[in-house]
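K.L.:
Could you build the full structure based on these sequences and the hints that come with them?
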Amino acid sequence: MSVFSSIFKSSPHGAMGMTTNQVMRMVCYATIPGFITQLYFYGWGTLVQLVLCIGVAVLSEAIVLSLREKRIRRTLSDGSAVLTGLLLALSIPPLAPWWVSVIGVAFAIIIVKQLYGGLGFNLFNPAMAGYVVLLISFPVAMTSWQPIQPMLMHTLSLADTAYVIFTGYSIEGYNLQQLSMLVDGTTMATPLDQFKTALAQQQTVSEILSLPIYGEYGGIGSQWVNAAYLLGGLFLLQRGIIRWHIPLGMIASLFVLTVIASATGADTTYPPVQQLFTGAVMFGAFFIATDPVSASTTPKGRIIFGALIGALIFMIRQWGGYPDGIAFAVLLANMCVPLIDHYTQPKVYGHKR
Amino acid sequence: MTAEWKDIVLNGLWTNNPALVQLLGLCPLLAVTNTFINALGLGIATLLVLVVSNLTISLVKQWVTKEIRIPVFIMIIASFVTIIQLLMNAYTFGLYVSLGIFIPLIVTNCAIIGRAEAFASKNGPVESSLDGLMMGIGFTAILLLLGGAREVLGQGTLFDGAHLLFGEWARGMTVQIFEFEQQFLLAILPPGAFIGMGLIIALKNIIDAKQAEKKVKDVKSVERARVTTVN
Chain G
191 MSVFSSIFKS SPHGAMGMTT NQVMRMVCYA TIPGFITQLY FYGWGTLVQL VLCIGVAVLS
251 EAIVLSLREK RIRRTLSDGS AVLTGLLLAL SIPPLAPWWV SVIGVAFAII IVKQLYGGLG
311 FNLFNPAMAG YVVLLISFPV AMTSWQPIQP MLMHTLSLAD TAYVIFTGYS IEGYNLQQLS
371 MLVDGTTMAT PLDQFKTALA QQQTVSEILS LPIYGEYGGI GSQWVNAAYL LGGLFLLQRG
431 IIRWHIPLGM IASLFVLTVI ASATGADTTY PPVQQLFTGA VMFGAFFIAT DPVSASTTPK
491 GRIIFGALIG ALIFMIRQWG GYPDGIAFAV LLANMCVPLI DHYTQPKVYG HKR
Chain C
16 MTAEWKDIVL NGLWTNNPAL VQLLGLCPLL AVTNTFINAL GLGIATLLVL VVSNLTISLV
76 KQWVTKEIRI PVFIMIIASF VTIIQLLMNA YTFGLYVSLG IFIPLIVTNC AIIGRAEAFA
136 SKNGPVESSL DGLMMGIGFT AILLLLGGAR EVLGQGTLFD GAHLLFGEWA RGMTVQIFEF
196 EQQFLLAILP PGAFIGMGLI IALKNIIDAK QAEKKVKDVK SVERARVTTV N
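For the record, the sequence lines run as chains G and C.
To get our numbering, take the position in the first sequence, counting from 1, and add 190.
To get our numbering, take the position in the second sequence, counting from 1, and add 15.
Where hints are given, some of them may not hold.
Listed next, the in silico BS3-like pairs over lysine-lysine satisfying Cα-Cα at most 27 Å (straight line) [to be verified]:
| id | chain 1 | residue 1 | chain 2 | residue 2 |
| --- | --- | --- | --- | --- |
| 1 | C | K219 | G | K260 |
| 2 | G | K260 | C | K230 |
| 3 | C | K219 | C | K21 |
| 4 | G | K260 | C | K232 |
| 5 | C | K137 | C | K21 |
| 6 | C | K219 | C | K229 |
Restraint ranges, calculated between C-beta atoms of paired labels, are given here [said to hold, decoys possible]:
| id | chain 1 | residue 1 | chain 2 | residue 2 | range |
| --- | --- | --- | --- | --- | --- |
| 7 | G | T394 | C | I216 | 51 to 57 Å |
| 8 | G | Y359 | C | F181 | 39 to 45 Å |
| 9 | C | P205 | G | S400 | 39 to 45 Å |
| 10 | C | E132 | G | R264 | 49 to 55 Å |
| 11 | C | F181 | G | Y230 | 54 to 60 Å |
| 12 | C | L101 | G | T394 | 54 to 60 Å |
A few chain G residues that don't get close to chain C, going by computed Cβ distances all over 10 Å [claimed, not checked]:
| id | residue |
| --- | --- |
| 13 | G405 |
| 14 | E406 |
| 15 | T458 |
In short, the hints are calculated from the structure, not lab data.
Even for Gly, the Cβ is constructed at its ideal location relative to N, Cα and C.
P.N.:
Shown next, in the form of structure tokens:
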């Protein structure tokens with residue numbers, strides 16, 4: 191699948207043998223293991239968000255296409271709007287109110303993608319730009335991840351979940367805060383959030399990691415979610431849909447920086463392996479950062495692009511105000527892409543640089 | 016005379032609007048339009064400075080040589096801004112505090128020095144004052160549109176903080192349009208200003224394009240009536 195590489199910028203062009211629709215569909219399929227794991231640990235919310243987000247994505251794309259007088263059916267069938275909706279649905283908290291998802295998806299499709307000219311022209315990753323809009327607009331709703339299902343006092347049925355998302359209350363009248371209560375009646379933050387709060391309370395890393403929300407390799411739920419996305423990502427690699435440069439660059443740089451920080455700094459760094467299996471690292475590395483439109487296009491550039499994202503994630507987690515920073519990191523790296531591409535053009539055969 | 020005046024009015028309000036077309040004075044435009052009242056306060060201050068500075072500059076233009084015109088213009092503008100600043104400090108203290116640095120920064124508003132250079136230094140006092148007034152109204156209108164939109168989207172209110180500008184009686188002017196559980200912070204934060212401004216400019220371009228299209232169509236239909244053969 192070397193033809194997918196952009197080494198061949200001018201003719202003769204190799205044919206990829208895969209349409210945009212097929213690529214997008216493969217990426218959608220590859221999220222299935224992660225999606226199922228998320229359903230298992232975080233309840234039916236992700237499924238409801240999935241339907242909602244994809245519906246809004248397709249609808250907004252159709253509206254803008256009709257305003258732009260483009261062929262609606264043909265453009266919609268490339269599947270890129272569905273994928274954007276899907277990625278956003280997997281990123282937002284499962285029980286986020288419906289209007290949060292609607293605003294995020296509509297912003298991603300209408301402003302970030304279509305106003306820049308549609309698929310192939312957007313400077314920023316639409317799903318992540320939509321996510322960042324939501325995160326800075328509704329910080330409370332966007333950080334209300336429930337603890338994993340087995341630890342909860344109330345678990346919700348599918349109908350109940352939909353009820354919470356659309357009205358803010360479950361059928362029995364519990365609000366989101368009550369629903370996030372653990373079996374013992376207390377509440378708990380997400381692993382990365384908890385880590386920052388506990389550090390501020392002068393606890394040591396090993397003390398913090400012995401809390402029940404941490405598993406062996408990361409957050410007790412998110413380690414499995416990350417492993418599932420890693421599996422999906424490896425499938426994409428094997429099929430040649432994505433190339434190894436960006437995920438490897440990103441994971442390696444995050445890992446190496448964390449190792450250095452843990453070895454040299456005071457006891458304030460979230461440990462290296464846990465870094466990779468908490469939050470959305472694997473999802474980001476294989477599904478978000480590899481977006482062919484907004485990522486770097488040269489082989490060397492892709493490694494730099496990935497490494498930049500990893501470094502930014504490390505910095506945001508270590509020193510930033512937000513607990514996790516995959517979306518910010520991807521957007522900041524997107525901004526650097528023209529510069530990276532400019533300086534990493536591969537040498538053309540027979541030419542001296 | 017009237018045709019020229021009409022031209023000045025149209026230029027300031029629409030075809031050469033300082034905010035929408037010249038894109039001047041964007042810094043205060045984007046920074047203070049988080050509420051309608053802030054926008055109104057800054058808009059009025061800018062409007063007053065524009066009118067009096069345009070008038071003054073057009074009156075003294077024959078004594079100002081080309082080489083020193085910029086310092087002279089800025090000094091004139093700065094004096095009027097200082098006057099406005101002191102007046103606001105005295106009579107609308109709350110608004111003075113909430114606008115902060117952006118009142119003294121009116122001096123550096125390119126829309127004002129731009130009009131001084133492009134219009135007031137070449138035209139008579141009456142036309143210059145009219146130009147300042149119309150440019151000021153055009154600028155204020157965009158400030159109000161953006162400020163109103165951001166306030167409604169961001170906090171669901173309109174005219175919040177009216178007492179800062181009009182005194183205590185205006186406290187009741189605040190209209191609650193929506194009740195939000197959570198504010199839409201993006202609209203209040205700087206990115207919301209940029210996105211909102213972009214959308215307003217896009218709207219203006221749509222209206223202009225529609226009108227241009229109409230004109231072309233009108234002309235075409237007349238042509239068709241005259242031409243008998245199709246080539």
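K.L.:
Would you mind marking each hint as holding or not holding in the structure?
P.N.:
Cross-check of the supplied hints:
no.: 1; hint: C:K219 with G:K260; verdict: holds (23 Å)
no.: 2; hint: G:K260 with C:K230; verdict: holds (25 Å)
no.: 3; hint: C:K219 with C:K21; verdict: holds (20 Å)
no.: 4; hint: G:K260 with C:K232; verdict: holds (23 Å)
no.: 5; hint: C:K137 with C:K21; verdict: holds (18 Å)
no.: 6; hint: C:K219 with C:K229; verdict: holds (15 Å)
no.: 7; hint: G:T394 with C:I216: 51 to 57 Å; verdict: holds (54 Å)
no.: 8; hint: G:Y359 with C:F181: 39 to 45 Å; verdict: holds (41 Å)
no.: 9; hint: C:P205 with G:S400: 39 to 45 Å; verdict: holds (42 Å)
no.: 10; hint: C:E132 with G:R264: 49 to 55 Å; verdict: holds (52 Å)
no.: 11; hint: C:F181 with G:Y230: 54 to 60 Å; verdict: holds (58 Å)
no.: 12; hint: C:L101 with G:T394: 54 to 60 Å; verdict: holds (58 Å)
no.: 13; hint: G405; verdict: holds (31 Å)
no.: 14; hint: E406; verdict: holds (36 Å)
no.: 15; hint: T458; verdict: holds (29 Å)
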